[in-house]
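Once you have looked at the hints, place chains B and C on chain A.
Residue numbers (the working numbering), protein chains in the order written: chain A, 1 to 482; chain B, 483 to 873; chain C, 874 to 1064.
These are calculated hints, taken from the structure and not from any lab test. What you are looking at is a predicted structure, and each value in this text was computed from that prediction instead of being measured. Some hints could be false.
[What the hints assert, rightly or not] Example chain A residues on the side facing chain C (calculated, C-beta under 7 Å, incomplete):
| no. | residue |
| --- | --- |
| 1 | Gly70 |
| 2 | Ala132 |
| 3 | Leu140 |
| 4 | Lys153 |
| 5 | Glu155 |
| 6 | Thr156 |
| 7 | Leu207 |
| 8 | Val210 |
[Claimed, not checked] In silico BS3-like links for lysine-lysine, alpha-carbon gap of 25 Å or less:
| no. | chain 1 | residue 1 | chain 2 | residue 2 |
| --- | --- | --- | --- | --- |
| 9 | B | Lys634 | B | Lys550 |
| 10 | C | Lys1057 | A | Lys157 |
| 11 | A | Lys164 | C | Lys1057 |
| 12 | A | Lys33 | A | Lys153 |
| 13 | C | Lys1057 | A | Lys369 |
| 14 | B | Lys810 | C | Lys1057 |
| 15 | B | Lys546 | B | Lys527 |
| 16 | A | Lys164 | A | Lys153 |
| 17 | B | Lys835 | B | Lys678 |
| 18 | A | Lys33 | C | Lys1057 |
| 19 | A | Lys33 | A | Lys157 |
Built from N, CA and C at the ideal position, the CB exists for glycine as well.
Here is what each chain is made of, one letter per residue.
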Amino acid sequence: MPFPLSDTLLILPELFLTTAGLVLLLRATAVGKAGERSIALLSVASLVVTGLLLWVPAALAGGAARPAFGGMIAVDRYSAFFKVLVLVAAAVTILFSLRFLGTSPYPSGEYYGLILFSTVGMLFMAAGTHLASIYVALELMALSQYVLAGYFKQETKSIEAAAKYFILGAFSSGILLYGLSLVYGATGTLDLAAVSQALAQGPRTPLMVVGVVLVACGLFFKIASAPFHVWAPDVYEGAPTPISAFFAVGPKLAAYAILARIFFEGFGPSAGDWSRVVAASAALTMVVGNVGALMQSNVKRMLGYSSIGHAGYALLGLLGYGTEYGLWSILIYLTAYALMNLGAFGLVVLLEAKGYAGESVDDFNGLAKKNPWAAAAMVVFLLSLAGIPPTAGFVGKYFLFSAAMKAGWVWLAILAVLMSVVSLFYYFRIARAMYLVEGEGELKWREEPAVTAAIAVCAAGTLLVGILPQPLVALARTCLLP
Amino acid sequence: MSPFVLHGIVIPAVKAAVFVIAMATMAGVLTWIERRLLGFLQVRKGPNRAGPAGFFQWVADAVKLMMKEDVVPSRAERALHFLAPFLIVVPALTVFAILPWGPEFSFTVPGLGTVTTPLYATDLNVGLLLVLAITTVGIYGVILGGWAANSKYALLGGLRSAAQLISYEVPMGFAVVSVILMGRSLSLVEIIQAQKDAGVWFLFPGLLAFFLYFLSGVAETNRTPFDLPEAESELVAGFHTEYSGFKWTTFFMAEYANMITISAIATTLFFGGWLRPFPNVEWLSFLGIVPAWIWFLLKVSFFIFVYIWFRATFPRFRFDQLMALGWKFLIPVSLANVALVAIAALWGPAGLKVLGVLMTGAFAVGLFLAWRRPARPRATERMGASAEVGA
Amino acid sequence: MTAAALAFWVLAVLAVAGAIGVVTMRQPVHSALCLLASFMAVAGLFVWGRAEFLAAVQILVYAGGVMVLFLFTIMLVNVRRQAREAALNRLTGSAVLVGVLLFALVGGLLVAEARRMGGPEGAPAASAARLSTTVVEAAGKAPVEVKGNSQAVAWSLYRDYLLPFEIASVFLLVAMIGAVVLGKRTMEKFD
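Extracted from the complex, chain A is given alone in its bound form:
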């Protein structure tokens, strides 16, 4: 697989971001805690520049999918779509962290550096077309996140979250790797296109089936779908809140990017085998996530369970393989998911009332009176999460459920609608606290213009996609896999 040295230009954005991370690490040792704000703003700036640099490989590829480094990654519109989303998620996370990290005693350089390195991993995940590069990129992303989860190391919950995330994550990586080795054993290659070819031509061997199922299990862990979801609420609760927001969005986007690519581009020919596994997991995930969220009084845990439920909805799009709805319904849904989840977590960051991690639903009591704009934004996010028009969540779910129907999974679509109704209950609890309950005492509020601005952008985006879905739909339809 020879490749010219000029392929380096095709990973220019990733190279830039890695270098930026290294420079920030060094810069932070020079300026110390006092210069934290500048470090944060520099990292946001480098994310923006990375986003602009995405134009370079796109121009070189000339609109078509172009393999680079001997087929390790591909530069295509599909990866570009995910890359932009991931960069936005990382930038918003950093803005959320400004006040949060600033009032803590922890060093800033490593924190922002790790977010950037994790983002590099996600960018490579989005582009990976070879199971080796996908796996290594996945580990790069995950390892940074294990550390970020435990970054507030004097908080027991933070350490607990890191330990759980790390041990379970390492275990799931083992499962994934074992599956990959079986796939390699069965097909003799790790290149997705070649795997697909081998699957289409060769006989359907049990080895291959086990390999595919194990790979699916490993990836299900990363998107927190049942029965590999148990870690998610604990980690979201224990991790520093901006990092929880990052966890709920960034890794999921990247994991869905590789999930869809591996299953569509690599395992496509054996869709008959994996679609049953995916359907079972989707059903279980929707039920577990939404029923579990009903019983939570901690907002971070509730959002954790709700994001499990959303992972289940998104799996429906995977089942749409072969129909006209399959892939782009996932793209639209993930866009909506990113916007509304980041927004909802952003409000939790602002509210952070009782020290480190005591964000109960009661903390929202009386928010509407004290800050009507914040309450209104939260309502938008909650409506979107529940999937009620005119919000982005509705548009996303509409296309996802259509995909499942088209693919013949009618009972799953019905279950999904039922579970959306269930989700109304717990989302409504927050709305009720904000509008119908009197708040006691002062509302603690971390006033921070950067966070407010980020939330406003998320809210505007949620509404915009909900009211005017056409541009996004049109865009998503051009970003499909070949």
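Just chains B and C now, kept in the frame of chain A:
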């Protein structure tokens, strides 16, 4: 006798036996040499009673050690305590199979005809890596011996040894990498051949690498000034505090075997192995009268002398100094050296020669500057000065 | 059974037995030693498969580096204190059940697959043949025949898998940062 039985079984077995016996004897003789040399360097006599110039002292010592009682501490991990000496001596012996003592030679066996065989057990295409791998495994003897004895001194010795080994393995590995870049092979025999082809010992382009290698080698063999795992003024006897008799002898033997290994590898990598000096210069061919293995032994002996010389000269490092030297100095320097050598090697044989001239020149200039610099005040004077400041 | 097959089985059993020892031993140091034995057996398997380079690296990196660090940490942290809690808890039954079922499923399928492909005996010769005849094509240059193990690994690692290799280096950097961030005992006071 079929060729397979001869070359596959008999000759390797004979070689193995010869190497093991030679090593055990060498280790013994080395103790005598070391003590005599130390005596000379410290202006005293050293062992001088048993035999001529005390030569049979090592035999007497060996006999004494064999007869001693074998003590095992009461709450020791008996199995591991027993196993540890062997864990250290087996790798030390195994390496001898790969060391290239000399090229092929022929001899006549009555009733069999002429047999041609090289003076090493085997030449692997990953020989150098294997040497590194096997020597690092020896460390388990030290760590486990220290742990199993249920003694704080021994444990501390074992821990120190583990930290030290890991720290100094890195610069050693990088030094070896630069030789691999120059020789373009991992086989020890091919590296020697490459030095002949290049017309230059790798010592010159690899001067920095040589110093790094030897320094790390001294640290890996736990010898002065890096003998912290067995620092007698701090830890009684370090990791082998709780060993006696034959087991203790085994530790001792392994230490000397490892010294020989490090010296032999340094010879192979940097001093042309068994080659005579200037192997490509015609008018020096009379040097070829001396057999190749003698040249090899001479070079190895030189390094062993340096080991002993070190011991007589340098005081022991403090532990934090040891770590700082390894991590903050040797590793960065060795990385820079790899980059330098890689550039030269990419350039080709000419590049190696240029690098050799540069390295040697820089070294000579450094020596000259050090010589020209006014001598530092003597230690006693400095101590006097600080005492005054303190008062 | 040929000598090669016998060697394979001895090494394989050693490797698996070592791995089982790691999880069943009560004393962490013993677990570490079992892991070491398992690594050694795997190195032997690499030699058996004519991958001497991998074998040497396996010993050098895992036995010489990683395990020494493990032992160092174990000895430093937990000097001969026996774990008090039971090694297995109330989930033992279900864990064993799931494990055995999974093992039966995957193992059975693998055995079936191995039968279909023709057993392990043919494998080493085939892989050796593949290694020795590896032909490397560089862009715009005549194909180069790769001589040995080390060259084959080098071509594969630094050319075909260059990108994952470089990503892995960033990964290791992150691991280092993480260890420092989480492991540093005292928090530095920034002014």
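Does Leu140/A meet its interface restraint, that is, does its C-beta lie within less than 7 Å of any C-beta in chain C? With a closest approach of 5 Å, the Leu140/A hint holds.
Per-residue hint verdict: Gly70/A, partner chain C, C-beta under 7 Å: Cβ of Gly70/A sits 6 Å from chain C, so the hint holds.
Any CB of chain C closer than 7 Å to the CB of Thr156/A? 14 Å, violated
Is the straight-line distance between the alpha-carbon of Lys33/A and that of Lys157/A 25 Å or less? Holds. Lys33/A to Lys157/A sits at ~24 Å (cutoff 25 Å).
Going straight from one Cα to the other, do Lys1057/C and Lys369/A come out at no more than 25 Å? Roughly 45 Å separates the two Cα atoms, so the pair is violated.
Can the restraint linking Lys835/B and Lys678/B be considered satisfied, given a maximum Cα separation of 25 Å? 13 Å, holds
Is Lys1057/C close enough to Lys157/A, meaning Cα to Cα at most 25 Å? 18 Å, holds
Mind checking the alpha carbons of Lys810/B and Lys1057/C for me, to see if they're no more than 25 Å apart? Judged against 25 Å, a Cα distance of about 19 Å means the pair holds.
Can Glu155/A be said to touch chain C, with a Cβ gap under 7 Å? 13 Å, violated
Has the given pair, Lys164/A with Lys153/A, been kept, meaning a C-alpha gap of at most 25 Å? Distance of about 14 Å is within 25 Å: holds.
So if I understand the rule, the pair passes when the alpha-carbon distance is 25 Å or less; does Lys634/B with Lys550/B pass? 24 Å, holds
Are the Cα atoms of Lys164/A and Lys1057/C separated by 25 Å or less? Within the cut-off at roughly 20 Å; holds.
Of the numbered hints stated above, those contradicted by the structure are hints 5, 6 and 13, listed in ascending order.
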